[in-house]
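Colleague: So the sequence shown is numbered by the numbering used here: it starts at 408 and just counts up by one.
Bear in mind the hints are in silico, worked out from the structure with no lab data behind them. Check before you lean on any hint, since a few could be wrong.
Quick list of in silico lysine to aspartate or glutamate cross-link-like pairs, EDC-like style, CA-CA up to 20 angstroms [as the list claims (entries may be wrong)]:
| hint | residue 1 | residue 2 |
| --- | --- | --- |
| 1 | 409 | 424 |
| 2 | 409 | 442 |
| 3 | 461 | 520 |
| 4 | 513 | 465 |
| 5 | 470 | 528 |
| 6 | 470 | 521 |
| 7 | 505 | 521 |
| 8 | 461 | 429 |
| 9 | 477 | 521 |
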Amino acid sequence: MKQQGIGNFNDLESYYEERLLDIVHHLNISYVVWEEIFNNDLLIQPDTIIHVWKGNWEATMGKVIKAGYKTILSSPWYLNYIGSSKDFELEFEFNWQKYYKVEPYKIPGATPEELSRVIGEKRACGRVCGRYQHSLQVISCSLNSGGEAVEQ
408 MKQQGIGNFN DLESYYEERL LDIVHHLNIS YVVWEEIFNN DLLIQPDTII
458 HVWKGNWEAT MGKVIKAGYK TILSSPWYLN YIGSSKDFEL EFEFNWQKYY
508 KVEPYKIPGA TPEELSRVIG EKRACGRVCG RYQHSLQVIS CSLNSGGEAV
558 EQ
């Protein structure tokens with residue numbers, strides 16, 4: 408790593424990602440990257456689509472669209488509840504509406520032109536996701552997956 412001027416893990420990751428993105432670009436195909444690529448100021452092509460999947464998604468999407476990139480969103484739909492089955496059951500029972508209230512096309516301070524770069528959402532809760540799994544998540548994620556298909 409030292410011979411290549413790579414001093415730490417972040418530099419190594421950046422080196423790998425930039426080389427990979429360069430290869431993909433030369434294949435003349437477009438690609439989607441996670442927000443870390445954008446946040447770490449890596450060299451990306453103008454037609455890159457940024458997948459926003461972490462917290463504070465409105466601020467991140469605002470930065471992405473203001474920088475001229477298209478974006479997709481999955482952050483608000485992850486079901487990453489940590490705790491007992493009862494905790495999850497109560498949270499989901501009383502707050503399921505919040506998943507339907509997310510407005511990815513209403514980024515504060517964004518112009519209509521910038522908002523046109525929001526090209527969709529990826530409702531990640533359609534898959535079994537999260538760090539901890541239990542029977543309640545399997546059922547709710549399965550139902551969300553079917554509901555997502557119906558809504559589209």
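Colleague: Hint by hint, say whether it matches the structure.
Modeller: Consistency of the hints with the structure:
With a C-alpha separation of about 18 angstroms, the suggested pairing of residue 409 with residue 424 holds against the 20 angstroms cut-off. A distance of roughly 27 angstroms separates the Cα atoms of residue 409 and residue 442; the hinted pair therefore is violated under the 20 angstroms criterion. For a cut-off of 20 angstroms, the pair hint linking residue 461 to residue 520 is broken: about 24 angstroms separates their Cα positions. A hinted pair counts as satisfied when its Cα atoms are at most 20 angstroms apart, and residue 513 with residue 465 qualifies at roughly 9 angstroms.
Taking the CA atoms of residue 470 and residue 528, the gap is near 17 angstroms; set against the 20 angstroms cutoff, the hint holds. Simply put, residue 470 and residue 521 have alpha-carbon atoms about 10 angstroms apart, close enough for the 20 angstroms limit, and the pair holds. A threshold of 20 angstroms between alpha carbons decides the hint, and for residue 505 with residue 521 the separation of about 25 angstroms lies outside it, so the pair is violated. Pair hint residue 461 plus residue 429 does not hold up; C-alpha atoms about 25 angstroms apart against a cutoff of 20 angstroms.
Between the alpha carbons of residue 477 and residue 521 the distance comes to roughly 9 angstroms, so the proposed pair stays at or under 20 angstroms and holds.
Figure legend: structure checked against the earlier numbered hints; hints not met, in rising order: 2, 3, 7 and 8.
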